[in-house]
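S.K.: We have chain C already, so just place chain A on it with the hints.
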Amino acid sequence: MYAELTGVTKRYGGETVLESLTRRLEGVTALMGPSGRGKTTLARLLLGLEKPDSGRVAVTGRLAAVFQEDRLCPQLNAVANVALALPGHGEALARQALEELGLSDEDLNKPAAVLSGGQQRRVALARAMLAPADGVVLDEPFKGLDEATAARAMAWTRQKAAGRWLLLITHDPEQAAFFGGTLWQLGG
Amino acid sequence: MALKPAPNRASRPQAAAILFWVAVWQLAAFLVARMGLGFLLAGPWETLRVLAGMLPQAAFWGRIGFSAARILGGFALALVFGCLLAAASAACPPVLVLLRPVMQFVKATPVASIIILALLWVSSANLAVLISFLMVLPVIYAAVLEGIRRTDPALLEMARIFRLPFGRTLRAIWLPGVWPYLLQSCETGLGLCWKSGVAAEVIGLASGSIGEALYQAKIFLQTGELFAWTLVIILVSAAFEKLTLAVLRLAGRALGGGELTCTRN
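So the protein lines, in turn, are chains C and A. Basically my numbering = 1-based index in the first sequence + 1036. Basically my numbering = 1-based index in the second sequence + 380.
So here's chain A without its partners, still in its complex pose:
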């Protein structure tokens, strides 16, 4: 049974804090402009004005579609392979031993190194798929593995004695055990895949991508556009995070025959 979220008493002070920092940003932009260096820092008003100008353009939405398809494609692949590899590792200890250094390597290597290495193997257009996949894979893998390890052994014994079919055991015991860990890792992974995916597009200069637009804005010192694209990335990333988590929660209910996350008796 899912717990209802507690009323967010911190939301008003939080909104006030955001407004405060937006005001600081506007003030800083004003002072920088007064020094004749306005190209270094666009203010929030300027950012919104540029964004409003971009919204009706088909190319703007095309770039969002291009990047979202690749970055979320990488995320989806990481989700599938992370779950499968974690299940294989839990079932077969040699697989765990074999995968551990690979996951450690991917986690420890700087994302820029991986991007530059990957540019040797894949086209810049598809680089974001590979990079978001590689960045998210260890996160999903580790979380699902932890969920499997923490699945209630008493329930697994019960399933064994009653000879529950695999599908029922999966839905009634494994999925509820793993689900909270999977949701948490998806939340982390969705933020990570956008950051790393756009970084890959900037370095790889993928034609038609958000990353390319960011790079061009920087080259031509169009700070308004640079900030506008950054805002777009934040908003799109947050929107997809909410959407994906909502879909996963719905899927969880459909698969588990009820809420999957629940206090144990």
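Bound-form chain C, shown alone:
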């Protein structure tokens, strides 16, 4: 399973955000670069939310993602938000994953709207990593987590990433190093 960019160019108005990008994504790739250099645009292209102005984006299989925003259904509780993306009734699996990520039993049953920012982020992460996907795009997935929680979430994510391609967008070189794989520096 892989994703492949061939000569991809993307412009907004008169500004070229990505130019003639060619790359094959396999295993873990950590994407780094200054703000405004097209990292999120690249994620949206891979997820099929935008089309390139020229070039080709080829992605095989199903995808999952953690977006810059959490994009949780506010009325559903943490478990239901994760189970939403799982085939059949995935509540038990979702519950286990969220507990591993440090959410308390009480928090699991709260609507997403009343969870803290860090809790919402972990729910979004669990949803992406448990979904039956062949590729995962994680756009700053550990944003807003304290150091200990982030470390726990990173270890959990690395374990769940096995067997599929993963694009990790981050500003943190330590996170990139932790995940190993290929480092891709964009526009810097």
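A hint or two may mislead.
[What the hints assert, rightly or not] Listed next, with one range per pair, are the computed distances between beta-carbon atoms: (1) C:Ser-1152 <-> A:Ala-488: 49 to 57 Å; (2) C:Ala-1191 <-> A:Asp-532: 29 to 37 Å; (3) A:Ala-395 <-> C:Pro-1168: 53 to 61 Å; (4) A:Ala-631 <-> C:Gly-1050: 44 to 52 Å; (5) C:Glu-1086 <-> A:Ser-503: 53 to 61 Å.
Keep in mind that the hints were calculated from the coordinates and are not lab data. Just so it is clear, CB atoms sit at the ideal spot from N, CA and C, and this is done for glycine as well.
M.R.: Frame of chain C, contents of chain A only:
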């Protein structure tokens, strides 16, 4: 998560205001009666006395059942078709373009014109079904369409990427987006369907209906009965509004797996 209603601090002054106007009504009825024109205005006491006399009669409940079945039938049809047409309009722009003048026409045309026109096509017994349907349809349609348009696009993108099945997307994203608009339009539509439905019964003289009873009371200058029936319409309309909204809220919880209306994160 539903917000708890704030304690209604205005309820006491509101009750006092209602009592004040009832007193004014009683006084006006007294003065009119003193002038020998009592048949023009029945007071609240007289209205309640006539209503108490009507309550044990089977015909009274029969009329309520007759009108409620037809008026609420029209409302239910409008609810179903309003939702379906709004969904079709949101999914297919030509449908939106096609329906816009129809909805504008129904909204702008006086209800009396529609009633008289409709009398050419349907029997007076079923006129209230058609009229309440036509009056409520644009309200539900516009509200559901607005709800669909305002559904969070970020959540819809998420559903697309995760390839959520349609049923899950409907329950987790579309319904919570549309639900507050639908509830609001139902509240408006329920009042509207009773007003227009009874008006249709008065004009069409549907046999066995509340509207017919109102008309007969007016013809025979039985103002006590006229006021009593008007009070009945208000009470029945309010009761059905509360009941329908309670059922819809319960349905919302069952469908959405939680409260459907909730602050977005």
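S.K.: Does the Cβ distance between C:Ser-1152 and A:Ala-488 fall inside 49 to 57 Å?
M.R.: holds, 50 Å
S.K.: Hint says 44 to 52 Å; check whether the CB-CB distance for A:Ala-631 and C:Gly-1050 agrees.
M.R.: This hint holds: roughly 51 Å between Cβ atoms.
S.K.: Do the Cβ positions of A:Ala-395 and C:Pro-1168 conform to the proposed distance bound of 53 to 61 Å?
M.R.: Taking Cβ atoms as reference, A:Ala-395 and C:Pro-1168 lie about 59 Å apart, which means the hint holds.
S.K.: CB of C:Glu-1086 to CB of A:Ser-503, is that within 53 to 61 Å?
M.R.: holds, 57 Å
S.K.: The hint says 29 to 37 Å between C:Ala-1191 and A:Asp-532; measuring C-beta to C-beta, is that right?
M.R.: holds, 32 Å
Against the hints set out earlier in the document, no violation occurs for any number.
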